[in-house]
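Each chain, letter by letter, is given below.
Number of protein chains: 2
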Amino acid sequence: MWGEVILPTSFYVNFGAMEPIVLNILGCGSALPTSQHLPSCQVLSAGNKLYMIDCGEGTQLQYRRSELSFTKLRAIFISHIHGDHCFGLPGLLSTFALLGRKAALGVYVPDYACRMMEGVVKSLCGEMPFEVTFIPFNPKVPAIIYDDATLTVATIPLKHRLPCAGFLFKEHEGLLHLNRWACDKHGVPMAWYGRLKSGSDYVADDGTVIPNALLTTPRDPVRSYAYCSDTVYRPQLVELVAGIDLLYHEATFAEADAARARETFHSTARQAAQIAKDAGVGRLLLGHYSARYKDLQPLLDEAREVFDETYLSQEGMKLSL
Amino acid sequence: MWGEVILPTSFYVNFGAMEPIVLNILGCGSALPTSQHLPSCQVLSAGNKLYMIDCGEGTQLQYRRSELSFTKLRAIFISHIHGDHCFGLPGLLSTFALLGRKAALGVYVPDYACRMMEGVVKSLCGEMPFEVTFIPFNPKVPAIIYDDATLTVATIPLKHRLPCAGFLFKEHEGLLHLNRWACDKHGVPMAWYGRLKSGSDYVADDGTVIPNALLTTPRDPVRSYAYCSDTVYRPQLVELVAGIDLLYHEATFAEADAARARETFHSTARQAAQIAKDAGVGRLLLGHYSARYKDLQPLLDEAREVFDETYLSQEGMKLSL
Chain B
1 MWGEVILPTS
11 FYVNFGAMEP
21 IVLNILGCGS
31 ALPTSQHLPS
41 CQVLSAGNKL
51 YMIDCGEGTQ
61 LQYRRSELSF
71 TKLRAIFISH
81 IHGDHCFGLP
91 GLLSTFALLG
101 RKAALGVYVP
111 DYACRMMEGV
121 VKSLCGEMPF
131 EVTFIPFNPK
141 VPAIIYDDAT
151 LTVATIPLKH
161 RLPCAGFLFK
171 EHEGLLHLNR
181 WACDKHGVPM
191 AWYGRLKSGS
201 DYVADDGTVI
211 PNALLTTPRD
221 PVRSYAYCSD
231 TVYRPQLVEL
241 VAGIDLLYHE
251 ATFAEADAAR
261 ARETFHSTAR
271 QAAQIAKDAG
281 VGRLLLGHYS
291 ARYKDLQPLL
301 DEAREVFDET
311 YLSQEGMKLS
321 L
Chain P
1 MWGEVILPTS
11 FYVNFGAMEP
21 IVLNILGCGS
31 ALPTSQHLPS
41 CQVLSAGNKL
51 YMIDCGEGTQ
61 LQYRRSELSF
71 TKLRAIFISH
81 IHGDHCFGLP
91 GLLSTFALLG
101 RKAALGVYVP
111 DYACRMMEGV
121 VKSLCGEMPF
131 EVTFIPFNPK
141 VPAIIYDDAT
151 LTVATIPLKH
161 RLPCAGFLFK
171 EHEGLLHLNR
181 WACDKHGVPM
191 AWYGRLKSGS
201 DYVADDGTVI
211 PNALLTTPRD
221 PVRSYAYCSD
231 TVYRPQLVEL
241 VAGIDLLYHE
251 ATFAEADAAR
261 ARETFHSTAR
271 QAAQIAKDAG
281 VGRLLLGHYS
291 ARYKDLQPLL
301 DEAREVFDET
311 YLSQEGMKLS
321 L
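Protein chains in written order, with the numbering used here: chain B, 1 to 321; chain P, 1 to 321.
Possibly wrong hints are sitting among the right ones.
[Unchecked claim] Partial selection, computed: residues in chain P whose CB lies under 7 Å from chain B:
# : residue
1 : 31
2 : 35
3 : 60
4 : 91
5 : 98
6 : 121
7 : 122
[Stated by the list, open to error] Heads up, incomplete: computed chain B residues facing chain P, CB under 10 Å, no partners named:
#  : residue
8  : 39
9  : 62
10 : 81
11 : 178
12 : 179
By construction, these hints were calculated from the structure, which means they are not laboratory data. As the structure is a prediction and not an experimental result, all values here were calculated from the model. From the three backbone atoms N, C-alpha and C, an ideal C-beta is built for every residue, glycine too.
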């Protein structure tokens, strides 16, 4: 399973000299175990740091197989506390302890379950050789809950049987690029380069002003990724994920099981595609498949009727934004 | 990995008409995850019932892959509460709940951790649709902790960083076999067959006594299996597992790392073989391999120098006692 990684080459387009942001799919199944899929877990790699989204049972095994660095993980974001989204947490943290991790780690958990989860981890893992901080967030309102030098993470309220939030990862706006040829032409000294990159005009010693637009080229586009699982079809999502590069939206069911999707507060692949289309996202990634489907092609076909740029997630997949 | 199952054919010898007792290896690695092995879990199948020994992370996935019945599981025995022996419990029980299990399940946990584990499962799994009973046992004394129509389970005190017990599974003694030819010759009526099988002599209406030994053939041999993990080399084990059919003994380290084995309260493969030899067991199965060994052949070679009937356990293996 791990060997057969489908890597849509279109995802490998790299915008200029930008460092790639890579999404690693460690698990994209749902609650019942199958021999095809593992429960939810993803790792986003950006700016030489790693961010984990959900942590289903088996995450540490998949993490090891992925050959991602254990030490570069900065934070873990848990969407809700159904087992297939968080039961891998004690094992992962124990392994970090065994490996002698020293760096602090933040674990973001919905407010109603944060102390419980902290208590469970303390009971099972005992004293840890590194600082683990459990940080509660309100899953019912959209808000920025994390911010570092590379990106911000905002919550996306979803509608599930338990309060549940998706996460929007958004790169910070980069600097303007210097037009070296123009700078030389206008005699701009190197000491000004930093200010130009931040948007200042150049003011020469004699008072001459050279507008910034003549000396720089535009910033790189800001890249963004949203994870939306688990949720019933929820049109309110559209404005929260409008225009993003990549959307992962749960697609637990095929259209024939739409009634079951509603009952269990899940979505169909077609509904995921409707959100993607209405929000005008770049690409859509489906996941959180029900154990009942051996063949996922019908889910992909149903979604592509609505939104062509749809792909099936799969364990071991790596997508460069 | 799962596909490459090594099945020593010698294990498939089936004693006459006896129903096979089968040991299923779901995981035989140790604490650190590798791409080769999963943490400890085994399922023993006997008398149409299943018994689980340890329940490391990923057990429910391995259980599903093994195609063993979820509903036939009667009891789970946890040797100690290091994560690689018990972190799969919440996920397994949640899945049973999702699948609508109704049958009661007993979970046997060392006394010092039983209430903690019960609390963790309650916190993570919530209300269950079936009865789960956490039963504490003292891991420091050998005692029968489980008994049903098929077998008994006794604890085997081990010596590890935490109090830890192995488990000895022993079939109940079966009935004598009728010698139909002899019964007919001596005119024994069918109504006596049950008493003869239990060992009675036949007393005819005229008072003639026909000794049982003339009318029956011996009982089937009682089959037995012992699981011993985790433990430092412990010669006291020998008398507790003397003469059993199959011994699983941890072999975390190779002989070159014997000092590390002592420090961490684990055994080498050679030490496992010494126990097997001194106890005169039928066969020895090694497992709980340290993540440092990519190739396990040296462990097997070192053990076979001491005890020839040694085998390496592997995920997916099924051994018929």
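Results of checking the hints against the structure:
no.: 1; hint: 31; verdict: holds, 6 Å
no.: 2; hint: 35; verdict: holds, 5 Å
no.: 3; hint: 60; verdict: holds, 5 Å
no.: 4; hint: 91; verdict: holds, 4 Å
no.: 5; hint: 98; verdict: holds, 6 Å
no.: 6; hint: 121; verdict: violated, 10 Å
no.: 7; hint: 122; verdict: violated, 10 Å
no.: 8; hint: 39; verdict: holds, 8 Å
no.: 9; hint: 62; verdict: holds, 9 Å
no.: 10; hint: 81; verdict: holds, 8 Å
no.: 11; hint: 178; verdict: violated, 45 Å
no.: 12; hint: 179; verdict: violated, 49 Å
Hint compliance for this structure: hints 6, 7, 11, 12 are not met, and every other hint is.
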